[in-house]
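**Q** Top line first, the protein sequences correspond to chains U and A. Counting with this note's numbering, you get residues -13 to 309 for the letters of the first sequence. Counting with this note's numbering, you get residues -16 to 312 for the letters of the second sequence.
Residues of chain A placed beyond 12 Å of chain U at every Cβ, according to the derived structure: (1) PRO(-15); (2) ARG(-1); (3) GLN25; (4) GLU164; (5) ASN204; (6) ILE230; (7) GLY249; (8) ALA256; (9) PHE264; (10) ALA295.
Covered stretches of chain U (chain A as the covering partner; in silico rule of three or more C-beta atoms under 8 Å from a C-beta of chain A): (11) 91 to 102; (12) 118 to 125; (13) 144 to 157; (14) 298 to 308.
I should point out that these hints are in silico values taken from the structure, not numbers from a laboratory. All C-beta atoms, glycine included, are put in the ideal place defined by N, C-alpha and C.
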Amino acid sequence: MAKVEQKGTLSKSDLREFFREMLLIRRFEEKVEERFRAGELPGFLHVAIGQEAVAVGVCRALEEGDIIASTHRAHGHTLAKGTTPNELMAELYGKMEGCSHGYGGSMHLYDIERGNMGANAVVGGGLPAITGAALSFKLRGEPRVGVAFFGDGATNIGTFHESLNLAQLWQVPAVFVCENNHWAESTPSWQHMPIEDISQRAVAYGMKAVKVDGQDVEAVYKAARRALEHARGGKGPVFLAVNTFRLVGHYIGDPQVYRSKEELEETRATQDPIEHLRTKLEMSADEVEEIDSEVKEIVEGAVEFAKNGTDPKPEDALKNIYA
Amino acid sequence: MPELSYREAVRDALSRAMRDDEDVFIMGEDIAEMGGSMGVTQGLVDEFGPERVRNTPISEMALAGAAIGAAMQGMRPVAEIMYEDFLTLATEQIVNQAAKHRYMSGGQVTVPVTFRTQGGAGWSPGAQHAQQLESWFVHIPGLKVVFASTPTDVRGLLWSSIYDDNPVVFFEHRTLYGIKEDVPDELEPIPLGQARTHRRGEDVTVIATGRLVHEALAAANEAEQEGISVEVVDPRTLLPLDEEALISSVKKTNRCVVAHEAVVRGGFGAEVAAVIQYSAFDWLDAPIERVGAKFSPLPFAPVMEEFVVPHAGDVLNAIRRTVGRTDGN
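Please take these sequences and the hints and turn them into a complete structure.
**A** This is the structure we're talking about:
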């Protein structure tokens, strides 16, 4: 996926590229859901439909050498960070060609070479490591930034508070991207957080906090650029409070008994980031159709690639435990 | 040959590694100006500065996790967890993160981090500042676990732990910090996974860790007076375990006592006993004896603490039982 030429500004063609990538992630996850329901994918899966603009906006703003840590809802981040759809799909099928070679699965997607330090199935689990990775960049004088993705639910766990405190105290080059989709699994924000403005949590640690509309990829990109520049420039970490929406359940198959049908329909109708960008770019149906069929073909190809992948041998389970 | 205390030996390994290698740095609570709650890191901030001798907030999750993140970037951090009891706070990071990143990534990354910690009873700290939790970590694939009992060992093993490409949980024993020993001028790395035979004997093998190595040696001297020849072996690395050394010793003596300060139930000695009985069953002339703390949190009052944790007398009694003698006869 081509990098945006001029990092500070976005041309229409940049945004069309963002659109393509967001649509690719959407179609990828829809395919994942379909194949999971068909019984082809082991384990269980969380998709981030509705949150594509966060993954693309942030990852497009990164420079070579920057790293991310992701969450259990990691497909979008992983694709946006450069892992190919083939490698990601192969991982979901448990194949050796997968980005974690069949050892990780959906919640443990790694691509170290491309700067993905791993998705984490423990909520908040990756925040301390990003703080430490950023510390290592600082100690070595490398102009790199560590980016942690996490949700609003993670802001209640100790690792979040300890990491933000430590990162700000040590002024490490890190950006904490809080994808506030207003749900911690099935629990709404108002039931898990006594405050409305999540950025206050970062402010409490003296950290620069920026609020951004997570359904507007251009806004996310620009906010991420500024945050990354701030961190890279040695001015300390930044907290990005990204307001976003999960247009699906917590996991594939989640009946969402905790969510009203009206709210869900209303949110879907008004908060689709891909639809927003399409409108903004005034794209014709034909234009969209052309991109759509292209990305669908990529996704179909990924399924084929994955199905034809190599199964690990059972005894491979005993490899890679120690270096 | 210089004489070093166990404390100085730990410090020596840390400072030599930091002198040799910019990638090594240490972090923990009160480790800089104060020199650590046990005085282990005294003076290091003067030599290496606050960037490499980092005082942290009281945040075990973050300091353990930050060490993991730096290690994943190729540095070799040594994180000090002030008391073993506080490992409980860092356990998510050690067990779910450090131990598994390599595995979950299919071998893409190494996590060369060392978690130093210390514990041990004998000074009435009560139930939250002295327990011995090493067996918890021996249960975790992906970790290495070290428990050193002498100045020479602690120095050589810490060096090897820092330079191991895997996460190592490194246990020190509080009551050993003051013991002294002549050590070689040059630091000799001790490979992880290699046991040490402290004393040769013919009748009984005592496999002991940490403080109990010294209690076992005292018990062995007593037993000698009674005509029982005791071999004392310290595995030093609990994971990976030098099974061969332990098995061959027991095949020679035909009797085995395992001894540690931790609670007996589910303790490291249970694993050792299982290994021995499986591999040396036909050689055993007596049931394997286990020596450890009674099944109790550590009490405060000295008389109760003394009662709960094992001493040389407990090891001696176990030795006697393996040769069919009753206690005290």
